[in-house]
Each structure stands twice: as structure tokens, then as C-alpha cells.
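Trainee: If you're matching them up, the sequences are chains V and U in order. For the first sequence, position 2 matches number 2 in my numbering, and the numbering has no gaps at all. For the second sequence, position 300 matches number 300 in my numbering, and the numbering has no gaps at all.
It is possible that some hints are incorrect.
Said to hold, decoys possible - For the chain U half of the interface with chain V, some residues (derived, Cβ under 10 angstroms), not all of them:
1. D71
2. M81
3. A256
What the hints assert, rightly or not - Calculated cross-link-like contacts (lysine-lysine; reagent style DSS-like; alpha-carbon spacing at most 25 angstroms):
4. K201/V with K37/V
5. K390/U with K249/V
6. K249/V with K42/V
7. K250/V with K31/V
8. K249/V with K231/U
9. K184/V with K31/V
10. K37/V with K232/V
11. K66/V with K87/V
12. K111/V with K87/V
13. K184/V with K66/V
14. K228/U with K250/V
15. K231/U with K250/V
Since the hints were derived computationally from the structure, they do not count as laboratory data. Quick reminder that beta carbons are idealized off the backbone N, C-alpha and C, glycines included.
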Amino acid sequence: MKNIFKITYLIAFILTGAIQVNAAEKVDLLKTDWSFKGLFGKFDRGSLQRGYQVYTEVCASCHSMKYVSYRNLFEPGGPEFTEEQAKTIAASFEVSDGPNNDGEMFIRPAKLSDKFVMPFENVKAAQAANGGAYPPDMSVLAKARSGGVDYIYSVLLGYEDPPSGVTLDDGVYYNKYMYGNRIKMSQPLMDDAVEYGDGTKATKEQMAKDVTTFLMWAAEPHLEARHKMGFKAILYLIILTTLVYFSMKKIWSRIESEV
Amino acid sequence: MSDHEYVPSSKFGKWFNDRLPLLSLASHLTDYPTPKNLNYWWTFGGILTFCLITQIVTGLTLAMHYIAHADMAFESVEHIMRDVNYGWLIRYIHANGASMFFLAVYIHIFRSLFYGSYKSPREIIWIIGIIIYLLMMAAAFMGYVLPWGQMSFWGATVITNLFSAIPLVGEGIVNWLWGGYSVDNPTLTRFFTLHYLIPFLILGLVVLHIWALHVPGNNNPVGIDVKKPSKDTVPFHPYIVIKDGFALLMFMIVFAFFVFYSPNILGHADNYIEANPMVTPAHIVPEWYLLPFYAILRSVPDKLMGVVAMLSAILILAALPWLDTSKIRSAVFRPLYKQFYWILLVDVLILGYVGAMPAEGLYLLIARVATAYYFIHFLIILPVLGFKEKTIPLPLSITEPVLGGMPMASAVKKKESLN
């Protein structure tokens, strides 16, 4: 009998060892405090609006966001620009529409109902303009990388000179946190790359945090509604469970007294 | 159902019941005598029924908005997540519901293993259960393909390619499954059709599963036959209904926690990248609930034998009522089996863990040892144990499992020799 326990312990020991070996290979991602984590997590409105600014002024020249609409910018739970602001933002982009009654395609300013205008016509055009690498669509990027927002935040700040012995091709950069450490995107964020309207100092870290927050919202636009409903749902379930527990005790007391 | 004759009190009720005995059925279900010593491990049958209904209801709703087309599936899922009213909620319930379903079914199966619920006279219940489990895996696998993300596409490619291991006709079968020469739109549409169909097959089998259960009645933690109805049993309603209800609510709290606070933790990040036949993900892994079988598949160096091993690992369960030669059902009275039971559980957890890891080096070695042990447990340990094991004497009834049980003379002897 004791042997059997020994074997079980041995297996458990090997397993924990394997987990530790595996963990040692990973680089620890940079951490920052995200306001949207936790039971009551909400987006920081200011951060979302600044993040949108960083996205449009820096990322959007290469990265599309094809599942997000301009109307989302004023909807509750998001950056919550005013409807007028969102209209102005939309109108600053041009979309191809049509055909009209003459059978012609035409260009018009974007409306609230339009999806974010893409920087390139198609994937091939994006690749051609970016040295063969396709800048991924950013609509769900925050959910499409293991490590999520921490990973994106880390990559944005992870540019370094390559360690000795690592040679990089032209147009390839070294990044401490990128999978494989090689990235075809040049360092996108430098201090003061954008000028924030609300007076916040545009450090690299601040911009990385803001734009990552914006990406999280773009990937999960109903996150705030989910957290709010979750709290109510779980509270309701806990109360109901308690009531049912006491009802159960009462009903079963008829039986247990007989035993 | 011949416990007693039910006669409806109203005239219309009697008229109706003579023609379609629905009221008799309802009466049977509420009065159904259930052993009163059932513990909370027995509540997972009800929980599983809840899971099935939840999956069907949320699935129907999703199907109203989902588009089964290779060019539009991914986008339509994002449409559900963003623009459909409460679409995010419905999809997260459905996606996490699959995991909760498997969590519950694994507890249900391991409860059966511990208390010997698969033994005579409950073999048919057990075998129907195994078929349901197989169908669940098929439904879950095809459901995971539908969002048409990278893991969907490559998971489908890996799993359907397994059929190419079949000699001579393998390639043909794979092309037939795909509806072409690679996983593509025809594969997606047929997977959607089958994913829609299977839950209703499962529903039908669940009815048979419960019907077959109601013939001999429930097993119980002591594992001895109970007279029914007797003072060892309670009517299903209200005693079991409220107990199942309480357990279901506890389960729903866990479920809700995943849905509202970690809806993507059980999924793979790569599935939020749209399927791309030109880019293979670094590690292709199935959902967590299929990992033990994936580990068995990869632990065998030969492709065909790997597939055979994986299928055998599931099908061997169907033979369990005959592989386990012990007449004693509950592990409570089988001191050795109890130890082996826990080792098997650890073994399966290890298989699940190495299934998620790359198949190389130490992981591969562990996977091979764990796979071998899995089969040894069922093919060698269980049959031999039935003859060799000295069991603890059974009580006479579940009402007095410890106190008044009059052990048989032979059992007393056994106990002495144990000491």
C-alpha cells in the first residue's frame, strides 16, 4: 500500500518539476495595473480616449480594425466620446460606396454606421507595403495573444538592441517579449509621439498603457456590461442557493429524524 | 414502472391517461424511490441534463445569427459578440457551457467508477452513457471548428487527418469527410449540420439512459441493492429534486464565474485569429477536455496504432462491466481498488497535462508511461483484483451501514485475515 503512495508522490513530483522547467523558459511580461480587471473592473474613459488617439495617429497607418464601427466610439462602456465628436471623427475618413443610380462607385465621408476604414485595400496590399509582413487586424488582438494585454503592453515597450551574437535582417527588429524575439514592426512609440489634448504627459509607458486599454475595449466592447451583470447574477445565485439550502435541510429533516 | 398503478382523480385526467399515460409517467417520476444515502456526487446527472438543455437553447439562438461559410463565419461570430443584443452573453454561455458539460460528465463518470455503478444490472445504462460521451466529444470538436479561427481550422485538419491512418481507404475517407482536398467551406457547412444534429441524438439517448436507470433504480454509495420502496428510499420529489436543485445552483455559481469573469480562460488565444491555411500555429492543441486522449494518440510512434490506442482508450470503458470481475460495487468496501482508483485519476490528470505540452523529451516519456498504465489498469489490474482482493464485509442495509449490520461469517474471517 505504501508503495502505491510512493509512486503517486513520485509522479506528482515529476509533474511539478516539469511545470517549473516550463515556467523557467518564459520571459516575465511587464505588468501594469489595468482598471478593467477584477470583479468591478471598468475602463478608464480618459485612457480609452487617449488610446484611440494613439491608435489613429500611430497604429492605424498600418493596422486595420475592421470589426469596430465609428458609432461604437460614443456607445456606453467605450471611450464615450459625444455623438457629435464621433460624427466628426467618422467624417474625417473616406469610404468607397455605391454603385449609385448611374452604376458608378463613389467616395463619401464615413458615417457613424461605417466600420473603421482600413489602411490597405486587402491583405496583399498590406504585405506589399510592410516588407512582406501583414500587420494584424487589431479588432480582437487583445484576445488573440496569450498573455493578452500584458503581452501587447510588453511588446510595445520591449524594443532593445539585440544581444551579441544575434544578427537581424534588414527591416527586422529585436524585441525582448515578442515570440521568437524578432519583429518586423519598428518601434512604434517614442516619448511625445502624440500630443494628448488633456495634458497627460505622452511618455512611452503612458501611450502603451492607453493604446492597450483601447485595444482591450475594441476586443471586448461589452466588458463593463459583463462585469456589472456578472456581479448581479452571482449575487442572485448565492442568495437563491442559500434559500434552497435551508429548504433542503427542512425537507430532509423529516427523513433524518427517522434514522 | 410497475411499482404501483396511478389513477388520475379527474374524469378528464382518467380519459386522457387511458389513451396516453403521461400522468402515470409524471407520477412515476415524482414517486420514483431513490436510495436516501445518495451523496452530492449523485447530483451530476441532473446537472448534466441542465448542461444539455443550456447548450441546445443557447445553440439555437446562436444559429440564428451565425453564418456557416468559410469567408463569413469568423465575422459573424464577431457580429454576435458586438452587435447582437446580449450576443456576447449567449456565446460565452455556449462556449463555457461546453467546458462545464465536460467537467460535469467527468465527475459523473468517475463517480460511477468509484461506486461501481456500471456493474450488473446497470451495464446498459453505462454503455448508453459511453455512447453519449462519444457523441459529446464529436459535438464539441465540431462546435470548436465553427468560429473558424486558427485552432478551429488546424484542429479540424489534425483530427480529420487521423482517418488517413486507415490502410487503403484512409485518403479517400479523409477527402470524403472534407468534401474536397483540404479543410474548407464544405467541411465547415457539414460540421455545422452535424453539430446541430448531435445534441438531439444525445437528448434521445439521455431519455434511454434515464429509462434504463429507472428499471433497476439508482446505485448508492454503499453499493448494495435496496428494496424499493422501503425505509432505505425516499420519493424523488421533493427529496432528490431539492438536493439536485441545490447542487445545480452551486454548479451555476462556478459556471457564472467563468462566463462573466474569465470567459476566454478555457479557450485558446489563437482562435481569435481568423483561420489561415497558409500559417500553422506553433502548437496545435485541442480543448482541455480532449487532452488525455490527445496525449494517448501522440504517445504511440505509429500513426495508425496511435489512432487505435486513442479509440481503444474510450471503447475499453464500454467493456468495463466485464473487465471488473469484483462482485462488490462500492470502492468503500474494496481497500485495494480504492487505491488503484485514485492512481487512475492521477494518471488521467497527468495525461491531460502532457497532452497540452509539446510531444517531446520528458513529456513524451511521461505520456508513454501514463498511457501504458491506463491500459494496464483496465486490462490487468481490474480483472485480477476481483479475484485477489480481500473486501470489507458489506452491511445488510444502507439504513444501518455501520451500526446494526450483521456481518456474515465468511466476511468476519476475511476481516480477521486483513488484520
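Trainee: Indicate, hint by hint, whether the structure satisfies it.
Mentor: Now the hints, each set against the structure:
1. D71: violated, 13 angstroms
2. M81: holds, 8 angstroms
3. A256: Because about 5 angstroms separates A256/U from the closest Cβ in chain V, which is inside the 10 angstroms limit, the hint holds.
4. K201/V with K37/V: holds, 24 angstroms
5. K390/U with K249/V: Between K390/U and K249/V the Cα gap is close to 38 angstroms, so the pair fails against 25 angstroms, i.e. violated.
6. K249/V with K42/V: violated, 40 angstroms
7. K250/V with K31/V: violated, 50 angstroms
8. K249/V with K231/U: With a Cα-Cα distance of about 19 angstroms, the restraint between K249/V and K231/U holds, given a limit of 25 angstroms.
9. K184/V with K31/V: holds, 24 angstroms
10. K37/V with K232/V: Roughly 17 angstroms between the alpha carbons, so the hint for K37/V and K232/V holds.
11. K66/V with K87/V: Since the Cα atoms of K66/V and K87/V sit roughly 18 angstroms apart, the hinted pair holds (cutoff 25 angstroms).
12. K111/V with K87/V: Holds, at roughly 7 angstroms.
13. K184/V with K66/V: holds, 22 angstroms
14. K228/U with K250/V: holds, 24 angstroms
15. K231/U with K250/V: Within the cut-off at roughly 19 angstroms; holds.
Taken one by one, the earlier hints fail for this structure at numbers 1, 5, 6, 7, listed in ascending order.
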